[in-house]
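Enquirer: Given next are the chains, with one letter for each unit.
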Amino acid sequence: MTQSIPAKPKAEPNEGTRHQRLMELIEAEDAANGEVGCGRDLGNSISGSFSAREIALEDEKLKRCLQEHLGHILLEPDFDAIATQIQRQLESLVSPASSQSLGSELSPASTNVAAHIPTEALKELFQSQLAEFCSEAALEQLIQASHQIIHKAVLRPRHTWSSPIWVLRSETQIYIAQAAGIEEAIAKVKTQHPQATGRLEVITVGGVLAPDQVISLDTNLL
Amino acid sequence: MEGSGQDDEYWHWVGKSRRSKLLLGDELYAIECEGITQGLMMLDVLKKRCLIESQLRRRLVYISALATAPWNRPLITNSPTYKGIGGNLVDFAVARSYELGYQGRIGLHALPGALGFYRKLRLGLLDCGPDPEEPDHLVYFETLRMNDL
Numbered sequence: 001m002t003q004s005i006p007a008k009p010k011a012e013p014n015e016g017t018r019h020q021r022l023m024e025l026i027e028a029e030d031a032a033n034g035e036v037g038c039g040r041d042l043g044n045s046i047s048g049s050f051s052a053r054e055i056a057l058e059d060e061k062l063k064r065c066l067q068e069h070l071g072h073i074l075l076e077p078d079f080d081a082i083a084t085q086i087q088r089q090l091e092s093l094v095s096p097a098s099s100q101s102l103g104s105e106l107s108p109a110s111t112n113v114a115a116h117i118p119t120e121a122l123k124e125l126f127q128s129q130l131a132e133f134c135s136e137a138a139l140e141q142l143i144q145a146s147h148q149i150i151h152k153a154v155l156r157p158r159h160t161w162s163s164p165i166w167v168l169r170s171e172t173q174i175y176i177a178q179a180a181g182i183e184e185a186i187a188k189v190k191t192q193h194p195q196a197t198g199r200l201e202v203i204t205v206g207g208v209l210a211p212d213q214v215i216s217l218d219t220n221l222l
Numbered sequence: 001m002e003g004s005g006q007d008d009e010y011w012h013w014v015g016k017s018r019r020s021k022l023l024l025g026d027e028l029y030a031i032e033c034e035g036i037t038q039g040l041m042m043l044d045v046l047k048k049r050c051l052i053e054s055q056l057r058r059r060l061v062y063i064s065a066l067a068t069a070p071w072n073r074p075l076i077t078n079s080p081t082y083k084g085i086g087g088n089l090v091d092f093a094v095a096r097s098y099e100l101g102y103q104g105r106i107g108l109h110a111l112p113g114a115l116g117f118y119r120k121l122r123l124g125l126l127d128c129g130p131d132p133e134e135p136d137h138l139v140y141f142e143t144l145r146m147n148d149l
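Chain order of the listed sequences is A and B. Under my numbering, think of the first position of the first sequence as 1, with each following residue one higher. Under my numbering, think of the first position of the second sequence as 1, with each following residue one higher.
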């Protein structure tokens, strides 16, 4: 099932460039003591997790349902986020070990949230795709979790979020600017701090993944 | 790898890669040397979109999972057999992104021990901070392309 990575890429860089890049990669790996992992914390059941990935809701069907019921208040980015979270919830139900901390996200106290999409509509959508993989109880849990996920998105639609906060660094200063994009952030810095004539490097951005996000900076950067 | 305390311990490399049935848009790649899997990477090339405001909802290649074999990891083996496996896999994800017309954009959630690696890769990956919607609040990285507006 694995796919082959061609031994020779189409536009092959020269030997010197390849060697330099390899050195950069090794330097990056050494910076993390050889740790390069990404993706979900797969815990102690990777095979279970991959089995869970085989069970998925059809993205388009779910988003069509969301659009139909919530198109007047939410936009595509909200539907993306909702679909991702419902899929994660589904994975946790079919393979709990693949996402051990997921359960803690859904507060038992908030189970009685408004149903922005009728339960029957969600049930029909989920049953048609998942009935052979999930028990009735699991489907019920997924529906309740979906109500919570959707409710949270309705409370703070993406388009109501403030502009992201960009943290930029010059040779001597750290600048923090609120702007929709990086170009605008750089322009703001240059306008308000004309002495910032050199190269600006963006270190991190806050408020992209959630509204009111706290930015954490390593003190070594300051 | 059992008991090694690694973030992605218990990977059953070869068995997993051969058994997995993939969903539409999921692609699984391995680097092999002398018939032995040295690193694995799963990509989602269809379902994920950019999250950074200035390139919001543009397509990207999302690295769903990446890990190198235990014998290539210094924390497990004093003298790793190969170095550069993880970096080459990430570079391949970027190449795949270009191939698909996504302008080299990739996204990923880094495991805690690997933050230094992704920060130093020189691929224009922007640290977007811990993802509150992610079960383990892993730090999300996404390629930032200028003049995307």
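Rather than coming from a laboratory, the hints here were simulated on the basis of the structure. Note that the coordinates shown come from a computational prediction; the quantities given were computed from them, not determined experimentally. From the three backbone atoms N, C-alpha and C, an ideal C-beta is built for every residue, glycine too. Don't take every hint at face value.
With the C-beta cut set under 10 Å, the calculated list includes, among others, these residues of chain B facing chain A [as the list claims (entries may be wrong)]: (1) Glu34; (2) Gly35; (3) Ile36; (4) Gln55; (5) Leu100; (6) Gly101; (7) Gln103; (8) Pro112; (9) Leu115; (10) Pro135.
Enquirer: It remains to establish, for every hint, whether it holds in the given structure.
Expert: Checked hints:
no.	hint	result
1	Glu34	violated (14 Å)
2	Gly35	violated (13 Å)
3	Ile36	violated (13 Å)
4	Gln55	holds (8 Å)
5	Leu100	violated (14 Å)
6	Gly101	violated (15 Å)
7	Gln103	violated (15 Å)
8	Pro112	holds (9 Å)
9	Leu115	holds (7 Å)
10	Pro135	holds (4 Å)
Checked against the numbered hints listed earlier, the structure breaks hints 1, 2, 3, 5, 6 and 7; every other hint is satisfied.
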